[in-house]
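Whole structure, please, built from the sequences with the hints as guidance.
Those protein sequence lines, which keep their order, are chains B and H. Each residue of the first sequence is one higher than the one before, starting from 0 at the first, in numbering that gives the first Met the number 0. Each residue of the second sequence is one higher than the one before, starting from 0 at the first, in numbering that gives the first Met the number 0.
Any given hint might turn out to be false.
You can't tell identical chains apart in this list, so a pair holds if it fits in one copy or across any two.
Heads up, simulated DSSO-like pairs for lysine-lysine below, C-alpha to C-alpha not over 27 Å straight-line [unchecked claim]:
#  : residue 1 : residue 2
1  : LYS405    : LYS186
2  : LYS363    : LYS186
3  : LYS67     : LYS5
4  : LYS269    : LYS202
5  : LYS95     : LYS31
6  : LYS202    : LYS405
7  : LYS95     : LYS386
8  : LYS202    : LYS31
9  : LYS363    : LYS185
10 : LYS185    : LYS405
11 : LYS5      : LYS186
Simulated from the structure, these hints should not be mistaken for laboratory data.
2 protein chains.
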Amino acid sequence: MNELLKQIAQEESVQELDLLTSFQNGRVAVFKAPPNGRALAVGENLRVKVNANIGTSGDIADEDFELKKLEAALSAGTDTVMDLSTGGNLRAVRRKIVEASSVPVGSVPIYEAIVDAARRRGAADSMNPDEMLDAIRLHGEDGISFVTVHCGVTLSGLSQLQNNPRVCGIVSRGGSFLARWMRANKKENPLFERYDEVLDICKQYGMVLSLGDGLRPGAIADSMDQAQVDELVTIGQLFRRARQRGVQAIIEGPGHVTLDQIPAQVMMEKRLCDDAPFYLLGPLVTDIAPGFDHITSAIGAAVAAAAGADFLCYVTPSEHLGLPDADDVRIGVLAARISGHAGDLVRRRPGAREWDEKMSRARKDRNWGEQIRQAIDPGLALSIRRKTCPEDHETCTMCGDLCAYKADSLI
Amino acid sequence: MNELLKQIAQEESVQELDLLTSFQNGRVAVFKAPPNGRALAVGENLRVKVNANIGTSGDIADEDFELKKLEAALSAGTDTVMDLSTGGNLRAVRRKIVEASSVPVGSVPIYEAIVDAARRRGAADSMNPDEMLDAIRLHGEDGISFVTVHCGVTLSGLSQLQNNPRVCGIVSRGGSFLARWMRANKKENPLFERYDEVLDICKQYGMVLSLGDGLRPGAIADSMDQAQVDELVTIGQLFRRARQRGVQAIIEGPGHVTLDQIPAQVMMEKRLCDDAPFYLLGPLVTDIAPGFDHITSAIGAAVAAAAGADFLCYVTPSEHLGLPDADDVRIGVLAARISGHAGDLVRRRPGAREWDEKMSRARKDRNWGEQIRQAIDPGLALSIRRKTCPEDHETCTMCGDLCAYKADSLI
Numbered sequence: 000m001n002e003l004l005k006q007i008a009q010e011e012s013v014q015e016l017d018l019l020t021s022f023q024n025g026r027v028a029v030f031k032a033p034p035n036g037r038a039l040a041v042g043e044n045l046r047v048k049v050n051a052n053i054g055t056s057g058d059i060a061d062e063d064f065e066l067k068k069l070e071a072a073l074s075a076g077t078d079t080v081m082d083l084s085t086g087g088n089l090r091a092v093r094r095k096i097v098e099a100s101s102v103p104v105g106s107v108p109i110y111e112a113i114v115d116a117a118r119r120r121g122a123a124d125s126m127n128p129d130e131m132l133d134a135i136r137l138h139g140e141d142g143i144s145f146v147t148v149h150c151g152v153t154l155s156g157l158s159q160l161q162n163n164p165r166v167c168g169i170v171s172r173g174g175s176f177l178a179r180w181m182r183a184n185k186k187e188n189p190l191f192e193r194y195d196e197v198l199d200i201c202k203q204y205g206m207v208l209s210l211g212d213g214l215r216p217g218a219i220a221d222s223m224d225q226a227q228v229d230e231l232v233t234i235g236q237l238f239r240r241a242r243q244r245g246v247q248a249i250i251e252g253p254g255h256v257t258l259d260q261i262p263a264q265v266m267m268e269k270r271l272c273d274d275a276p277f278y279l280l281g282p283l284v285t286d287i288a289p290g291f292d293h294i295t296s297a298i299g300a301a302v303a304a305a306a307g308a309d310f311l312c313y314v315t316p317s318e319h320l321g322l323p324d325a326d327d328v329r330i331g332v333l334a335a336r337i338s339g340h341a342g343d344l345v346r347r348r349p350g351a352r353e354w355d356e357k358m359s360r361a362r363k364d365r366n367w368g369e370q371i372r373q374a375i376d377p378g379l380a381l382s383i384r385r386k387t388c389p390e391d392h393e394t395c396t397m398c399g400d401l402c403a404y405k406a407d408s409l410i
Numbered sequence: 000m001n002e003l004l005k006q007i008a009q010e011e012s013v014q015e016l017d018l019l020t021s022f023q024n025g026r027v028a029v030f031k032a033p034p035n036g037r038a039l040a041v042g043e044n045l046r047v048k049v050n051a052n053i054g055t056s057g058d059i060a061d062e063d064f065e066l067k068k069l070e071a072a073l074s075a076g077t078d079t080v081m082d083l084s085t086g087g088n089l090r091a092v093r094r095k096i097v098e099a100s101s102v103p104v105g106s107v108p109i110y111e112a113i114v115d116a117a118r119r120r121g122a123a124d125s126m127n128p129d130e131m132l133d134a135i136r137l138h139g140e141d142g143i144s145f146v147t148v149h150c151g152v153t154l155s156g157l158s159q160l161q162n163n164p165r166v167c168g169i170v171s172r173g174g175s176f177l178a179r180w181m182r183a184n185k186k187e188n189p190l191f192e193r194y195d196e197v198l199d200i201c202k203q204y205g206m207v208l209s210l211g212d213g214l215r216p217g218a219i220a221d222s223m224d225q226a227q228v229d230e231l232v233t234i235g236q237l238f239r240r241a242r243q244r245g246v247q248a249i250i251e252g253p254g255h256v257t258l259d260q261i262p263a264q265v266m267m268e269k270r271l272c273d274d275a276p277f278y279l280l281g282p283l284v285t286d287i288a289p290g291f292d293h294i295t296s297a298i299g300a301a302v303a304a305a306a307g308a309d310f311l312c313y314v315t316p317s318e319h320l321g322l323p324d325a326d327d328v329r330i331g332v333l334a335a336r337i338s339g340h341a342g343d344l345v346r347r348r349p350g351a352r353e354w355d356e357k358m359s360r361a362r363k364d365r366n367w368g369e370q371i372r373q374a375i376d377p378g379l380a381l382s383i384r385r386k387t388c389p390e391d392h393e394t395c396t397m398c399g400d401l402c403a404y405k406a407d408s409l410i
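Right under this line is the structure:
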């Protein structure tokens, strides 16, 4: 691990000793490398990272389609991917993704337990606790670097839900199926009850445990309610137990959240979870923009990143509407990277302001080659410029001779 | 005006008396209706509004193209448009836009003075102060509802620029040409020196004066620097003079700003300008994402709106790269509306949370017709859903049978 931390410290331009301290205190997590890729760290004082969710669904289960999405995510500069497959041969697609990925791959093993139980016995509620744990083990065997497990969905949280009804109830797939199972079987969440076993599996396979927020709010109306906060308190305790057992963990966060609550969400996570790395799905700052949820999410994620979030799960334009395709994936990754970078600028992460300044100087100099090179998506920037502009044009077609940079340079 | 305020109070679900007070104190501005359209108010306690910039350039001067962009902006729900034409027959295109617009039309008359001087005498610096004032009058005659005039670009501001050099200098078109003129002619800004005449013209034609920020930062590195703040102090004094002379005014703001500075930018404007309506161009929270500047801007605009900004100028995907087309305009308006709405949610504007809740309930019920109807862009939402999903599908192709809403409803 020490060699790896050294390398990461170098890549991130941070002091090795600081990184070591953060790592030892659980404030930085290191995802192991996939067989053909590199390891990655998330957390305190590091660049904000971005994850892209890919994976089949029951409706669209096409391995090649998913591998194309993987490729799109990697080209767009994602830091990790999660395989959330729920359709077709789950193991086959997972192995192909792990094999083909140059970045750490995460997963949500409970999906496999749900799908298997439904396929074998016709009902997801029929899955048994051993099968839930076996699914985690299976993902470990397949080289997964981090697993989302919804250990924090407890009877206590569900009673909070019952006493404080929501507009949208449970919107986490893992969370909703676990809740159904708990109610159908009148039992506590096995992933909570047998948490030590979950930890041991993670330890055995060197997987980081991502403590999933099964009760995250999925509507602006439900943001930061009793059930969400109750679950976060539980998750904080689970995080401490993970560290005590020598397992790395990160914390997952919402969801749909109004803009003003986002800094409080981050603060609450940092306080209740001993400054553990915070991994956010969104947050989406409004519910009303399906088709633009990469934007509603980019807004929330940027504010979260500026406030201290460490790891951003992208949201694509097809969120709430359908399974994303490769282009959705590309746009989702880039939108999330923009948010992460906006946060890095605020937190003055090494290299962040320098990048913006390079772009600004290129603009000032009307150096178009350099502007394209410095763009987060050079291909897109070039294609938009080319749409209206001959190659050797000194300005752009927005202002032409009225270019302010040109006017200013003539002063 | 009283009938109009009554109507606006009703549309905005605010108390008529509160609106009247805000209006009388200059904290709300009312843009007069174009000949075939409706009036609009911006400011305190009102819904955040959105503006779309359209207009020809020296490189692309096609009236029909601009009318298509106007149509795209209106269909996407813009609250105002600004005609920033600098190419072709400026007056002809302006008159057509004013004629065709159902929302108030703004403009930047100095562009016309610059273009005219360059055409007549070969040099923009040759424009004379009378021509600058004449251009404003001309726009008044043509039915423009609000005009951006860069009265705050003063010798004092320019000396701040000189003493505190920027990466990107002046990025405002009007600002940079005025600065050139001032330096070439060794004179104070005529729009500052003859400010009372500017006010009288606005009064004569019932135009709102939008006090342009000619020295706004155009790079993250330049944000909130001496020149910007110096100009804002001047603008605050000009705002007071406008009110004393019975002219409505609003204040324009940056630009390129790091996320953490945005609330301070809004606070500073509100403090220095007696809570005048604040009209922001962006802010863009990073420089590095040409092609995605509707997103970098949506992030900044949402944070600004939540912090108290009143009026958001959109930014399109073609910003920094070329003149936008109709589709860029559509996307720009929708991104800005999302930001405004995210702000309205935080500020609990009447109807804002209700809209989100309608969408959330439709999601919970898997009522797809209602989800599409409630979407900010129903056409886009429907087309994304249809891409992967048969019409009568109960869930979407993201989760299929693993739909959390479905699972939750079965608990």
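Verification of the hints:
Taking CA atoms no more than 27 Å apart as the test, LYS405 paired with LYS186 passes between copies only; the shortest distance there is 21 Å, against 71 Å inside one copy. In this homomeric assembly, LYS363 and LYS186 come within 27 Å of each other (Cα to Cα) only across copies, at 25 Å, whereas the closest approach inside a single copy is 65 Å. Taking identical chains as interchangeable, the C-alpha atoms of LYS67 and LYS5 are never at most 27 Å apart, the minima being 33 Å within one chain and 57 Å between chains. Taking the shortest Cα distances, LYS269 and LYS202 sit within 27 Å of each other inside one copy (24 Å), while across copies they are farther apart (55 Å).
For the homomeric pair LYS95 and LYS31, the shortest alpha-carbon distance inside one copy (17 Å) is at most 27 Å, but the shortest distance between copies (62 Å) is not. For the identical chains of this complex, LYS202 and LYS405 are neighbours neither inside a copy (60 Å) nor across copies (34 Å), given an alpha-carbon limit of 27 Å. Proximity of LYS95 and LYS386 under a CA criterion of 27 Å is satisfied inter-copy only: 26 Å between copies versus 38 Å inside one chain copy. Taking CA atoms no more than 27 Å apart as the test, LYS202 paired with LYS31 passes inside one copy only; the shortest distance there is 12 Å, against 68 Å between copies.
For a Cα distance limit of 27 Å, the shortest separation of LYS363 from LYS185 across copies, 24 Å, qualifies, whereas the shortest one inside one copy, 66 Å, does not. Within a single copy, LYS185 and LYS405 get their C-alpha atoms only as close as 72 Å, which misses the 27 Å cut-off; across copies the closest is 20 Å, which meets it. In this assembly of identical chains, the alpha carbons of LYS5 and LYS186 never lie at most 27 Å apart, being 46 Å within a copy and 59 Å across copies at closest.
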